[in-house]
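Colleague: Each chain, letter by letter, is given below.
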Amino acid sequence: MGVSESKPPRRLGRIGLPAAVICALFGACLGLGAFTFDYAEGTSYLSNDPKACVNCHIMREQYDSWQKGPHHANATCNDCHVPHDFMGKYLTKMDHGYRHSKGFTFQDFHEPIQIKPSSLKIVEDNCIRCHTSMVSDFVAHAQVKGEHVNCVHCHSSAGHGPRR
Amino acid sequence: ALQQNIATRKREAAATVFQIVGIDESTEDPALWGKNFPKQHDGYIRTVDIERTRHGGSEAYQKLDADVRWRDIFAGYAFSIDYREERGHAYMLSDQRETERVTQRPQPGACLHCHSSNVVAFRQKGIDLGARGTLKDPLLSAAGQEQLHKGFEAICAMPYSEATKLVSHPVTCLDCHDPSSMALRISKPGFLNGIRVLAASDDPVPHLPSVERWRKGDRAKPYDPNADASRQEMRSMTCAQCHVEYYFKGDQKLLTYPWHRGLKMEQIEKYYDAAEYKDWTHAISGAPVLKAQHPEFELWSQGIHARSGVSCADCHMPYKREGAVKISDHHIRSPLLNVARSCQVCHNYTESEIKARVAVIQDRTADLMDRGTDAVNQLIRVIAEAKKAGVSDDDLKQPRELQRKAQWRLDFVAAENSMGFHAPQEAARILGEAIDYARQGETAVAKLRAK
Amino acid sequence: ALQQNIATRKREAAATVFQIVGIDESTEDPALWGKNFPKQHDGYIRTVDIERTRHGGSEAYQKLDADVRWRDIFAGYAFSIDYREERGHAYMLSDQRETERVTQRPQPGACLHCHSSNVVAFRQKGIDLGARGTLKDPLLSAAGQEQLHKGFEAICAMPYSEATKLVSHPVTCLDCHDPSSMALRISKPGFLNGIRVLAASDDPVPHLPSVERWRKGDRAKPYDPNADASRQEMRSMTCAQCHVEYYFKGDQKLLTYPWHRGLKMEQIEKYYDAAEYKDWTHAISGAPVLKAQHPEFELWSQGIHARSGVSCADCHMPYKREGAVKISDHHIRSPLLNVARSCQVCHNYTESEIKARVAVIQDRTADLMDRGTDAVNQLIRVIAEAKKAGVSDDDLKQPRELQRKAQWRLDFVAAENSMGFHAPQEAARILGEAIDYARQGETAVAKLRAK
Ligand SMILES: [Ca+2]
Ligand SMILES: [Ca+2]
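Chains as they are written, first to last, in the numbering used here: chain F, 1 to 164; chain V, 1 to 451; chain X, 1 to 451.
Heads up, a few of these hints could be off.
Simulated pairs of lysine-lysine, DSBU-like, Cα-Cα distance not exceeding 30 angstroms [unchecked claim]:
1) K320/X to K447/V
2) K355/V to K116/F
3) K39/V to K102/F
4) K387/V to K63/X
5) K355/V to K121/F
6) K451/X to K388/V
7) K355/X to K264/V
8) K320/X to K121/F
9) K397/X to K451/V
10) K270/X to K63/X
11) K326/V to K102/F
12) K447/V to K397/X
13) K68/F to K397/X
14) K68/F to K320/V
15) K102/F to K355/V
Read the hints as simulated data drawn from the structure, not as lab findings. The model shown is predicted, which means the values in this text are computed figures rather than measured ones.
Same shape as in the complex, but just chain F (with noise of 0.2 angstroms):
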């Protein structure tokens, strides 16, 4: 990976977008019927504007902390929380999708909302995405074991600013 990488795409993917589309909207739609998701505004998950994951009032608070967060010029949601990697990116906001429209209907999640292992995995793949140069010399170190590093572990305020 060279220092070119380190500006993220911002803009969905061009090529299968449509598909794209279907795959997140029928995520979506598991958890909801198709009115309701859209008055709840469920096709948040296909913009990048992080107003868009605020339509939830569930994410004001994560919103926001990240306002406050040391990131809010560099990095949206999406930069952190979506794979980069087409598949990953719609499948993660397919599953995300159902998730999260489940819990907001239901009401069903655990308060605080605590972020999944599988989820902060990628928050750290993006970490690592952005900050390559930085970070090189001791994650190709970690990869001998193929561990994955955790970026999270020294910085959790990242993304949210401190927590307390």
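Since the structure of chain F is already known, use the hints to place chains V and X with the ligands on it.
Modeller: Frame of chain F; chains V and X with the ligands shown alone:
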């Protein structure tokens, strides 16, 4: 239905402004406040619930039966008759009226300061005794304050049996909230006096920044939490109105918080020593001993949470989402019964992991406390034996002083209700000292016997 | 210039894959490794620096002068002659060769296990004694391991004066890193053996998840950190190769970590008690006592940082920006000399606030330690007096047992080098017990004198 659900949530999110009707400075009945704030009221009334945790919870079992060694430690004092695990706020007034400490021993009206809603009772008494103004004056006005303090002083000195007729509710909304704005405010004179003398002392209190700030100022006016404290500090001071060490000063039984030198265990001891104060003379050993009482605020003050700005309310009244709004959970109880909202907001571990961490801390405290209890008990026994064997009171003065020191320390941690959690290392340090003094006393007695 | 600067950064950043030249399993000289990794090497050689902190730092002052009470506590043992504050890794070999504990008392080759780069020395000795293969075999191959363990066992038994000729460097890159990949690896046989028996015990170790995982498996192969531990665990185990309690077992002086029952102070004591082991007979009191030695890994294991996955390297080798890349700071030292990198990534407070928090913890520990030191000293004195006064060895057995228990606890915290920081409450608990046993011993003696 789903769709409706979302609509409801959107509506809830909009309803954030308070609409306060029909309550004022004399509204004691929580049901009336509840009409304006039904969610907070729902939580408030749930403090009747009974659920036990390993070292806490709300089952009012008899502590003197759970560990009989404490009967001897309290020998000669009301606490040796009846001493229970405390429970929810709903019970505070009835538990006090019914405890054998009250039914079998005379107690002063001062007891009521922390077991009832008494803003109105204090003020009315003050007015009756000639204080300016009426109940319509805001509590924080000069007149309101004059009424409050005057009535408080008078009621402290009354016999409990009479004073208790002046009140009819456990702590209610009015004790913690300003009826016109719902802001927190301090209404208990004992705390207003106590925090004022603390501010005037030089004990560093990095966890109370407004006090530190006041100290750097011109000190023209005494420190006043209602004027000076931040909202985050108020979220602890509200509780520190009652969850503190206290004693009744002089014949007037004036409820007093012994913070004149600072909040630490040793500083409080020094205050009592200098005042030559004792709570009672130990019935078995003859030592002039002190009783510690629920120093939650004092111990919390020495812990890392206080230092990090984490308030009582953060853990004991965590925010709770009700639809789209967040409210403070007024069901005040052990946070271990509500780990998700109390702890997981800040600590990103599983519930079982968090409970395990608390268990490690509490078990270590309990372990040392067990040693301390043994040590103090043995000291009491050997002093009594020495007395019987004819050792003079003069010779026994030092061992008895050592018992006073040891017992004060042991009881400080035992009477505190978090089993060391509020400040784990400090609790262990205090217990280490308790053991040191108690065992030194034993050696001293053994040496006397060898003479 | 600016442009060049940027170009440099880009070049630095491109070097993601390690280009390791000219080093292999027998390269001891850090300067050669430094050609590949100059930034890490720069830090490594700075461990010669001398800077003191309140309770730590790297000034090798004489601890026996700083607190003379310790001369009596160690009476009759080499530690009563010379015992200094430890300093940077650069000095480990010369400090050992020069200490009067070595120059005035015979010591075994086992000492070298933690004071030198000895992978090559151990393996060569193993090969000389008939182990399979050559130095070209990877350390982690079966042949490499056979060589290592065989040589280790033989060198432990040699006299120090001879064994020390086999080594020439303090800990070097090769002791911590695999030369082919730079991955961390465990090279010290003492730890490989120790962690294996720990895994086989049933002491819960939530801070070592790979051990917990191994325990749940079929246990067909013994636990092996090089195969089983995660990278984050290795960031502590690398240090736990040396920063641990140990003893020399039997006539062969086999270096052994006493973790057979677990890592806690009591479990180690039980192991020694069961083995009827003592380090020496106390010269003043005649008690069969133990010496504790730098149980950093053991105490850290009981703390909240370990439990939260925070490793030794996180605090003692924090990441550091050098140009456009981040590297691990190989200038291993007190984190209080580097608070910004060591603590502030995780703790969002000012440097002075963080230092104040550490001071509160360390002061509490120091306070209790002071009490414990007094108590153990007095016990030693009264046993000696009783002996002189003719009290029989039989009668003194119990007080001496109590001294053993008390002194073990006191020394466990004193010999640990963080002044309680690595696990504040646990350190206080241990000291509380030390005081309890020492004072009980005093009472026991006083009673004997009364007979
Ligand atoms: Ca309770
Ligand atoms: Ca040092």
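Colleague: Let me make sure I understand: some of the numbered hints might not hold for this structure. Which ones are they, in numerical order?
Modeller: As far as the earlier hints go, 1, 4 and 13 are violated by this structure, in ascending order.
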